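Please put together the full structure from these sequences, using the hints given.
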Amino acid sequence: MVHFTAEEKAAITSIWDKVDLEKAGGETLGRLLIVYPWTQRFFEKFGNLSSAQAIMGNPRIRAHGKKVLTSLGLAVQNMDNLKETFAHLSELHCDKLHVDPENFKLLGNVLVIVLSTHFAKEFTPEVQAAWQKLVAGVANALSHKYH
Amino acid sequence: MVHLTDAEKALVSGLWGKVDVDEIGGESLSSLLVVYPWTQRFFEHFGDLSSASAVMNNAQVKAHGKKVIHSFADGLKHLDNLKGTFSSLSELHCDKLHVDPENFRLLGNMIIIALSHHLGKEFTPCAQAAFQKVVAGVANALAHKYH
Numbered sequence: 004m005v006h007f008t009a010e011e012k013a014a015i016t017s018i019w020d021k022v023d024l025e026k027a028g029g030e031t032l033g034r035l036l037i038v039y040p041w042t043q044r045f046f047e048k049f050g051n052l053s054s055a056q057a058i059m060g061n062p063r064i065r066a067h068g069k070k071v072l073t074s075l076g077l078a079v080q081n082m083d084n085l086k087e088t089f090a091h092l093s094e095l096h097c098d099k100l101h102v103d104p105e106n107f108k109l110l111g112n113v114l115v116i117v118l119s120t121h122f123a124k125e126f127t128p129e130v131q132a133a134w135q136k137l138v139a140g141v142a143n144a145l146s147h148k149y150h
Numbered sequence: 372m373v374h375l376t377d378a379e380k381a382l383v384s385g386l387w388g389k390v391d392v393d394e395i396g397g398e399s400l401s402s403l404l405v406v407y408p409w410t411q412r413f414f415e416h417f418g419d420l421s422s423a424s425a426v427m428n429n430a431q432v433k434a435h436g437k438k439v440i441h442s443f444a445d446g447l448k449h450l451d452n453l454k455g456t457f458s459s460l461s462e463l464h465c466d467k468l469h470v471d472p473e474n475f476r477l478l479g480n481m482i483i484i485a486l487s488h489h490l491g492k493e494f495t496p497c498a499q500a501a502f503q504k505v506v507a508g509v510a511n512a513l514a515h516k517y518h
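In order, the protein sequences belong to chains A and B. For reference, each letter of the first sequence is one residue, going 4 to 150 in the working numbering. For reference, each letter of the second sequence is one residue, going 372 to 518 in the working numbering.
These are computed hints drawn from the structure, not numbers from a lab. The structure displayed is predicted, hence computed values, not measured ones. Don't take each hint at face value.
[Unchecked claim] Among the chain B residues that face chain A by a calculated CB cut under 8 angstroms, a handful are:
1) Ser402
2) Val405
3) Ile483
4) Ser487
5) Cys497
6) Gln503
7) Ala507
[Claimed, not checked] In silico negatives: residues of chain A with every beta carbon more than 10 angstroms from chain B:
8) Lys70
9) Glu87
10) Ile116
All C-beta atoms, glycine included, are put in the ideal place defined by N, C-alpha and C.
As structure tokens, this is what we get:
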């Protein structure tokens with residue numbers, strides 16, 4: 004289980020409260036598809052993914068990015084109980100979506116990068132460390148029901 | 372071998388030219404020590420590493436970060452021959468320093484985050500993808516002589 008100190012929780016929520024879910028979500032998912040192109044295989048029915056510009060401008064990617072980041076909001080509210088929070092999504096990603104769990108770590112890293120570009124000075128090393136703990140915890144929770 | 376397109380090479384060198392390389396080095400190494408605390412074991416003789424702010428302000432960490440990033444910058448000039456460029460450093464890290472090569476990938480991620488921090492919006496998805504290729508290539512080159 005991941006243990007967050009009070010300071011770490013505060014660091015995480017101070018950033019989270021300012022995040023525009025659609026903008027950050029769209030950017031995070033878009034960057035994942037550009038930087039790690041094999042991930043596009045899960046989104047082939049999303050339309051035009053033929054270039055970086057197409058991906059970043061694709062409305063379905065933005066919408067899905069918002070959905071993914073909204074789920075992450077659940078993590079922020081349930082930091083002490085990530086495995087149970089993501090149990091159902093873990094089963095979905097294994098049984099229906101067949102997503103390699105390594106991709107959860109990649110998405111987590113991309114999110115940290117997006118937050119770092121958006122929040123600059125506020126995104127201190129301590130804040131970064133707290134967020135890396137959270138995304139690692141979420142990645143583990145999402146892998147937990149795999150079989 | 373790392374293959375970057377001409378556009379990617381131009382992106383990498385263009386953006387690299389805009390950052391304070393020494394600062395990137397200091398931040399990347401400090402972040403590594405803060406976010407992945409086990410890495411501090413290689414730097415126990417560096418003095419005070421007792422808190423995130425101690426690490427970030429530690430003069431020896433900054434100096435060593437500068438040394439590391441200048442090596443990395445050397446790699447940027449030899450993208451077509453990273454394995455050759457980092458051959459003796461690879462042997463050093465294996466035979467003398469006993470560093471787990473996984474840590475090279477972690478440091479690479481910290482360099483990306485430091486760059487995103489300094490460059491903000493300019494650190495576009497394409498720039499991220501190009502730099503991600505470079506850090507992966509450097510990490511592989513540093514691991515290449517391990518036995």
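Hint by hint, here is what the structure shows:
1. Ser402: holds (5 angstroms)
2. Val405: Where the cut-off is 8 angstroms and the nearest Cβ of chain A is about 5 angstroms from Val405(B), the hint holds.
3. Ile483: Constraint on Ile483(B) satisfied, holds at 6 angstroms.
4. Ser487: With a minimum Cβ separation of about 5 angstroms from chain A (threshold 8 angstroms), the hint on Ser487(B) holds.
5. Cys497: Because about 5 angstroms separates Cys497(B) from the closest Cβ in chain A, which is inside the 8 angstroms limit, the hint holds.
6. Gln503: With Cβ-Cβ at 5 angstroms, under 8 angstroms, it holds.
7. Ala507: The hint is violated - Ala507(B) has no Cβ within 8 angstroms of chain A, the shortest such distance being about 11 angstroms.
8. Lys70: holds (20 angstroms)
9. Glu87: Holds: least Cβ distance 26 angstroms, greater than 10 angstroms.
10. Ile116: Ile116(A) is in fact no farther than 10 angstroms from some Cβ atom of chain B, at 5 angstroms.
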